[in-house]
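So you can see what is in the structure, the chains are spelled out below.
Protein chains: 2
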Amino acid sequence: MKKSLLLVAHGSRRAASNDEVRTLTDRLRADAASDFADIACAFLELADPSIPDGLAELAERGAEHITVLPYFLAAGRHVAEDIPAEVETARAAHPEVAIEIAPYLGTSDALPRLLLEMLGDSAVAAG
Amino acid sequence: MKKSLLLVAHGSRRAASNDEVRTLTDRLRADAASDFADIACAFLELADPSIPDGLAELAERGAEHITVLPYFLAAGRHVAEDIPAEVETARAAHPEVAIEIAPYLGTSDALPRLLLEMLGDSAVAAG
Numbered sequence: 119m120k121k122s123l124l125l126v127a128h129g130s131r132r133a134a135s136n137d138e139v140r141t142l143t144d145r146l147r148a149d150a151a152s153d154f155a156d157i158a159c160a161f162l163e164l165a166d167p168s169i170p171d172g173l174a175e176l177a178e179r180g181a182e183h184i185t186v187l188p189y190f191l192a193a194g195r196h197v198a199e200d201i202p203a204e205v206e207t208a209r210a211a212h213p214e215v216a217i218e219i220a221p222y223l224g225t226s227d228a229l230p231r232l233l234l235e236m237l238g239d240s241a242v243a244a245g
Numbered sequence: 119m120k121k122s123l124l125l126v127a128h129g130s131r132r133a134a135s136n137d138e139v140r141t142l143t144d145r146l147r148a149d150a151a152s153d154f155a156d157i158a159c160a161f162l163e164l165a166d167p168s169i170p171d172g173l174a175e176l177a178e179r180g181a182e183h184i185t186v187l188p189y190f191l192a193a194g195r196h197v198a199e200d201i202p203a204e205v206e207t208a209r210a211a212h213p214e215v216a217i218e219i220a221p222y223l224g225t226s227d228a229l230p231r232l233l234l235e236m237l238g239d240s241a242v243a244a245g
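From first to last, the protein sequence lines are chains A and B. Each residue of the first sequence is one higher than the one before, starting from 119 at the first, in our numbering. Each residue of the second sequence is one higher than the one before, starting from 119 at the first, in our numbering.
Just to be clear, a hint being listed does not mean it is correct.
[Claimed, not checked] Reference listing, derived: stretches of chain B covered by chain A, where coverage requires no fewer than 3 residues with Cβ under 8 Å from a Cβ of chain A: (1) 146–153; (2) 188–196; (3) 229–237.
Bear in mind the hints are in silico, worked out from the structure with no lab data behind them. Small disclaimer: the values here were computed from a predicted structure and weren't measured. Cβ atoms here follow ideal geometry from the backbone N, Cα and C, with glycine treated the same way.
Just chain A, with the same shape it has in the complex (with noise of 0.2 Å):
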């Protein structure tokens, strides 16, 4: 089965904002292909390509499964409601791809810990 990722942002109307989520992409593509065999990014606004289209991009280079991970540090309107809603347009879209939706960043018990390592790299490159 061919699994593949897709990362979701916001959007924002900076493109060098968009280009860190790229950027992000990148580096998951390199770190991660033993786990996922496409990974891609798509933006809920603002950006391109957007959700279905990122999916529909997925599906047409052969992913069997997707997750759909959203880069969104709480969980608001855009997590609750809007990213589900594009997915389950997609799903219907795509019938014969199973896409999942992951938990948001936000979640991530390990960001307390991430948090201090960086004050922690900051203060030291502060001297």
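Using the hints, position chain B against chain A.
Just chain B now, kept in the frame of chain A:
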């Protein structure tokens, strides 16, 4: 020197979303007691306290140095302009306190690893 930390999130109309940030702040407080004498959170908009109010409260509790940690994934307008402007106002109001802004969460090199760990955990949970 009394070092304090202010975690700054966007803020949401959803109370549950803001409570996620408060819960994270409680976890940081438990984990980082050796690094920071005082830890609080504040919101850029839509929730209380505001960034100036959060900084004022830490200053009133005796902070001599405050690190502002933007809990944001991308360098949009909020990170690039709005948070620095709020912090600059607070610096003028509390000249006795050194206030620095740390890199925002999205700059962490550890994010790809954390995302892949999350996916591994949820795959295990799904059987």
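Hints broken by the structure, by number, lowest first?
none
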